[in-house]
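Chains as they are written, first to last, in the numbering used here: chain A, 1 to 365; chain B, 366 to 682; chain C, 683 to 984.
Please keep in mind that the hints were generated in silico from the structure rather than gathered at the bench. Just so we're clear, the structure is a prediction, and the values are computed from it rather than from any experiment. All C-beta atoms in this analysis are idealised placements derived from N, C-alpha and C, irrespective of residue type, glycine included. There's no promise every hint is true.
[As the list claims (entries may be wrong)] Per label pair, the in silico range of CB-to-CB distance:
1. A:T201 x B:F418: 28 to 38 angstroms
2. B:W514 x C:V723: 41 to 51 angstroms
3. B:E410 x A:T201: 24 to 34 angstroms
4. B:L398 x C:E868: 51 to 61 angstroms
5. A:A95 x B:A669: 39 to 49 angstroms
6. B:G405 x C:L929: 27 to 37 angstroms
7. B:F502 x A:G123: 29 to 39 angstroms
8. B:T422 x A:G137: 25 to 35 angstroms
9. A:D138 x B:V663: 38 to 48 angstroms
10. C:R923 x B:L391: 48 to 58 angstroms
11. C:L882 x B:G405: 35 to 45 angstroms
12. C:L871 x B:F418: 44 to 54 angstroms
13. C:V723 x A:G137: 38 to 48 angstroms
14. A:A54 x C:R890: 48 to 58 angstroms
[To be verified] With a Cα cut of at most 20 angstroms, we get these calculated SDA-like pairs of lysine to any residue:
15. A:K298 x C:R829
16. B:K380 x C:L882
17. A:K298 x C:L882
18. C:K796 x B:F382
19. C:K796 x B:L421
20. B:K380 x C:G832
21. C:K796 x B:T387
22. A:K298 x C:A884
23. C:K796 x B:R470
24. C:K796 x B:L383
25. C:K796 x B:V394
26. B:K380 x C:A884
27. C:K796 x B:R376
28. A:K298 x C:L932
29. C:K796 x B:A669
30. B:K380 x C:R799
31. A:K298 x C:S865
32. A:K298 x C:L803
33. B:K380 x C:L871
34. C:K796 x B:G589
35. C:K796 x B:R674
36. C:K796 x B:L671
37. C:K796 x B:R588
38. A:K348 x A:S182
39. C:K934 x A:E25
40. A:K298 x C:T833
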Amino acid sequence: MFKNAIKLVLAAAAAVAGSAFSQAEADITGAGASFPAPLIATWADVYRDVTEGAVVVNYQSIGSGGGIRQFIDQTVHFGATEAFLNQEQLDQARAGTGGEAYNLPITLADVVITYNVPGLETGVVFDGEVLAGIFLGDVVRWNDERLAALNPGVQLPDMLINVVHRADGSGTTNIFTSYLSSVSSDWAERVGAGTAVEWPTGVGASGNEGVAGLIGNTPGTIGYNSLVYATLNDIAYGYVVNAAGNVIQPSLASTSAAGDVELPQDTRTLIVNSQHPEGYPISGFTWALLYENADANKAFTSRAQAEETVRFLAWVMTEGQEFSEVLDFARLPQAAVDLNLARLAQVKWQGENIGQAIVDGFTTR
Amino acid sequence: MRAATPKNGRRVGDKVFLGLLTVTGLSVVAIALLMAWTLGRDAAEPISRFGFFGFLTGTRWDPVSGQFGAWPFVLGTLITSVAALALSFLPALGLAILSAEYAPRWLATIIDYIVDLLAAIPSVVLGIWGILVLAPFLRDRVYQPVFEWVLERAPDQAAWLGNPTGYGLITATLVLALMIVPYTTALARDAIRLVPVEQREAAWGLGATRWEVLRLAVLPYARGGITAGAVLSFGRALGETMAVAMLIGNSARLPLTLFGPAATMPSVIVNEFREAVESLHLAALMGIGLYLFLISLVVNLLAAWLQRRLAPGNVGL
Amino acid sequence: MTGQRISGGPVRGSGANLRRRYLRDRVMLGLVVLASLAVLVPLLIVVWYVVSQGLSALDWDFFTQDLGSPTRAVTGRPTGLAQAIAGTLVVDLTALLVAVPVGIGAGMMLAEYKEHRLNPLLRVLNDTMNGMPAILKGLLIFTLVVRPSGTFSGFAGSLALAIVMLPIIARATEGALTLVPWSIREAGLALGLPRWRVILAAVLPVARPGLVTGVLIAFARAAGEAAPLLLTSLGSNFLPRDPWNPLEYLTKAADTLPQRLYSLAVSPYEQWHAMGWAAGIVLLLLVVVVFLVGRLLTRRDH
């Protein structure tokens, strides 16, 4: 799976070498969500080769909240987050720079229900009501009739359900609780959605790996992880019934499909419980954050740096997506890509538009 | 030997030296006050909203609805730190005595290096080891059997035992105790080694056994160093973040069960800090930092008072 | 009736009382040994675990290549932690340069000028700072240095680590200096030396082992801290353009072993796990070497 990545790098390098790119040297810093970190790290590595060492992108995962705050504090060139800027933050960003703060989706996050039950493989079917019931502590046994109804023909053992959730704040929690809030009014009332919530039941583990580790070690447990963690750690995960009533297997295709819906201009929307018939209901965009007025961002020290950042992000939206599936990340739906490029084309340096020319370089290919 | 330097020269030298030292002292004070000030400034919102004591003793921590109270974490911190110090003090002192008094030179050197190594182990390493090795071990060998035993004999008592997942106060305290040993040991061992021979000879002269020499002559004299070590250890226990965060189970509810999950002030800060987006949430975390500062301050004031009471002064033997 | 010599002089006492005292002596020795084992055994287990998990990842590439993306490790292309090792050396040594003079100075202040007005405040605040979680120290430097400068930097990381080291050095220095007998100071003063000469030339050398111990354990503590570096030096997956220039690490975001160890260990990739443990081994080795050097320096004047 990863071997293909090498072939893709060579192909990309060849393609770029043949195009009319003028390459300035730039060190770009980004920070934010942990979920896309492996993907962004790969993009950075590939892009360094593609630009023959000229552009080095350093992205560190400090959490979505961290990404947003560093972005607002202007200590990074771009941020990355699994939760889009809310109105208050948008206003703050606008006030600080006199221009827009763009939320640009770069990939999609998928949250799967992981569990460790002797005798049960991947593929147990859940729906919104049952999941909310489990995480609220109302559904307490694995052979509960509500779960059995969704899984005819599957032998569910008579075991207590041990809930595991995230102890630390996380974008994954945000997506999962947003989903639960949209499918269960009970959950929305009693708990709500956010990167950290007051869980009614269960044990908290630190990080994706903490949850995966605890589930892997303890029979009877159920929790939530990103798909990458589940597959790489060999943990069983469930299928979920979506809004259209279809049982959806979590996959890159179904995650992308969830995002392939009507999007607002600024892409600031939740796609949990997506209306798409093939869409996996527990998904979300991961956004990159960029200022329209690049020069107003204290982190930028030169025009070239701003241009290279825009170019990198444009590459990420278009050619970079080739690397997503190889790493088990879903591709952006075309609608999102188009909206992104339209935004990037408006980035300015000291009032002068620098984005349009760069974006044109990608759309004419 | 030179004749006495002219008085003026001596005074200038002394003044400059004292001046330099004062600058360093003031730097430390300034950093501490700066920290308290930034924490206080950032924590203004939740403190004004819930009240100084309201926030301290509040028992609900709900980032979604904006309800914050620090009490579960305060309890968790106090319980784990005090227990860790109590658990680690005697073994740490024992190691110091072993190295400084009983062991032959070559063994003492080895012990010293191992103890120093203990101080060097990054807390994240202990945390991960705890997750992969210690927690499952304790769960399978200790918590689970005890839980089942109680469940059979006295099922109504099970509630205060909590769910034995391996993550909780006990596991975290054990690892914490291990981590803070080196500070007490290192300072105690140096102190014991520096006790003058005359003190020991006086005790031997009275016909004491080795242990009695230790108890009567050496340890009291070394009390200052030993206490300094204990204070450093306790400070480490209070502020320890990573290993505890990974092993304590992280529940924002009051730590009222033996095996169940809990949280400490540093653990909740490090866990939620990265993702805290709402300004009130972030401010509440800073508030916890402020309270930790105040608790540390109070504890150290107490320790200072205790030290004055126990000070050897003139160790008259 | 005299008993058997253990050390020093003859033990005096009689009959049953003597036997009881001997018993207590043996028992205490036994307890001391037991207590020591209770600490040493888990420690050795942990060290063995780190070594066994990380040894496989320690190869030449580990020390010469930078990290890049997980794809490199998973597909077997050259990858390593050169940027973290170099970053750790630069950031930690810079932190020492800042913390040692200030820490020893503050310790001297507390020990040698006991009557000074600043001392009660200094002592209590120093110990309080020791109890503060390192993440808050990192946050302080973030507010004071990173945010105004608009960039993460290794130097900010050094400052955060220096704040971690300071209270330990100051405390240990004070402890070591107060153990020096007053007679030495008296002798110096009687010779007509000014106070500062007495402290530096007469007291300090005697206390040197204690001072060095303090610096060493402070260094060990700071070298293992990941939290304060999160928001100060941030981290990096790549070597700087000029990997031999220390300023590159100090002026831009720099990678350090403890923080890199953590992110490797919590990633979903097996190969990165092994590298994380290998980082742990290198970190332990670094500290052991520093301790060896420190101890060698003090052994000479004993």
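The hints, checked one at a time:
1. Distance hint check: the CB atoms of A:T201 and B:F418 are about 30 angstroms apart, consistent with the given range 28 to 38 angstroms.
2. Range check, B:W514 to C:V723: Cβ separation about 27 angstroms, and the 41 to 51 angstroms hint is violated.
3. Taken as a hint, the range 24 to 34 angstroms holds for the pair B:E410 and A:T201, whose Cβ atoms sit roughly 30 angstroms apart.
4. Between B:L398 and C:E868, the C-beta spacing of about 36 angstroms breaks the proposed range 51 to 61 angstroms.
5. For A:A95 and B:A669, the Cβ-Cβ distance of about 47 angstroms falls inside the hinted range of 39 to 49 angstroms, so the restraint holds.
6. About 36 angstroms separates the C-beta atoms of B:G405 and C:L929, a value consistent with the hinted range of 27 to 37 angstroms.
7. For the pair B:F502 and A:G123, the supplied restraint of 29 to 39 angstroms holds, since their beta-carbon distance comes to about 32 angstroms.
8. Between B:T422 and A:G137 the Cβ separation comes to about 26 angstroms, which falls inside the hinted range of 25 to 35 angstroms.
9. At roughly 43 angstroms, the beta carbons of A:D138 and B:V663 sit within the given window of 38 to 48 angstroms.
10. For C:R923 paired with B:L391, a C-beta distance near 40 angstroms fails the hint of 48 to 58 angstroms.
11. Between C:L882 and B:G405, the C-beta spacing of about 39 angstroms keeps the proposed range 35 to 45 angstroms intact.
12. Checked against the hint of 44 to 54 angstroms, the C-beta distance between C:L871 and B:F418 comes to roughly 52 angstroms, which is consistent with it.
13. In this structure the hint that C:V723 and A:G137 lie 38 to 48 angstroms apart at CB holds, the actual value being about 40 angstroms.
14. For A:A54 and C:R890, the hinted distance range of 48 to 58 angstroms is satisfied, since their beta carbons lie about 51 angstroms from each other.
15. The hinted pair formed by A:K298 and C:R829 meets the criterion: a straight-line CA distance of about 10 angstroms does not exceed 20 angstroms.
16. For the given pair, B:K380 sits about 14 angstroms from C:L882 by alpha-carbon distance, which is consistent with the 20 angstroms threshold.
17. With a CA separation close to 47 angstroms, the supplied pair A:K298 and C:L882 exceeds the 20 angstroms bound.
18. Distance check on the hinted pair: C:K796 and B:F382 sit about 15 angstroms apart at the alpha-carbon level, within 20 angstroms; holds.
19. Under the criterion of a C-alpha separation no larger than 20 angstroms, the hint pairing C:K796 with B:L421 is inconsistent with the structure, at around 36 angstroms.
20. Taken as a hint, the B:K380 and C:G832 pair is broken in the structure, with Cα atoms around 40 angstroms apart against an allowance of 20 angstroms.
21. Distance hint between C:K796 and B:T387 is fulfilled; the C-alpha atoms sit about 12 angstroms from each other, no more than 20 angstroms.
22. Annotation: proposed proximity of A:K298 to C:A884 is violated, straight-line Cα distance about 52 angstroms (limit 20 angstroms).
23. Pair hint C:K796 plus B:R470 does not hold up; C-alpha atoms about 35 angstroms apart against a cutoff of 20 angstroms.
24. Of the pairs offered as hints, the one joining C:K796 and B:L383 holds, with about 12 angstroms between alpha carbons and a cut-off of 20 angstroms not exceeded.
25. Note on C:K796 and B:V394: the hinted pairing holds, with a Cα-Cα distance of about 16 angstroms set against a maximum of 20 angstroms.
26. Proposed proximity of B:K380 and C:A884 is supported: the alpha carbons are some 19 angstroms apart, at most 20 angstroms.
27. With a C-alpha separation of about 19 angstroms, the suggested pair C:K796 and B:R376 falls inside the 20 angstroms cut-off, and the hint holds.
28. Between A:K298 and C:L932, the direct Cα distance comes to roughly 19 angstroms. Compliance with the 20 angstroms bound is thereby established for this hinted pair.
29. Under the criterion of a C-alpha separation no larger than 20 angstroms, the hint pairing C:K796 with B:A669 is consistent with the structure, at around 14 angstroms.
30. Restraint check: the Cα-Cα separation between B:K380 and C:R799 comes to about 15 angstroms, which is no more than 20 angstroms; the hinted pair holds.
31. Pair hint A:K298 plus C:S865 does not hold up; C-alpha atoms about 59 angstroms apart against a cutoff of 20 angstroms.
32. For the given pair, A:K298 sits about 39 angstroms from C:L803 by alpha-carbon distance, which is inconsistent with the 20 angstroms threshold.
33. Distance check on the hinted pair: B:K380 and C:L871 sit about 16 angstroms apart at the alpha-carbon level, within 20 angstroms; holds.
34. Proposed proximity of C:K796 and B:G589 is supported: the alpha carbons are some 15 angstroms apart, at most 20 angstroms.
35. As the CA atoms of C:K796 and B:R674 are separated by approximately 17 angstroms, the hinted pair is consistent with the 20 angstroms bound.
36. A C-alpha spacing of about 18 angstroms is found between C:K796 and B:L671, which places the hinted pair at or below 20 angstroms, so the restraint holds.
37. Restraint check: the Cα-Cα separation between C:K796 and B:R588 comes to about 18 angstroms, which is no more than 20 angstroms; the hinted pair holds.
38. Between the alpha carbons of A:K348 and A:S182 the distance comes to roughly 38 angstroms, so the proposed pair goes past 20 angstroms and is violated.
39. For the proposed pair C:K934 and A:E25, the alpha carbon gap of about 15 angstroms is at most 20 angstroms, so the pair holds.
40. The hinted pair formed by A:K298 and C:T833 meets the criterion: a straight-line CA distance of about 9 angstroms does not exceed 20 angstroms.
Consistency note: the structure conflicts with the earlier hints numbered 2, 4, 10, 17, 19, 20, 22, 23, 31, 32, 38.
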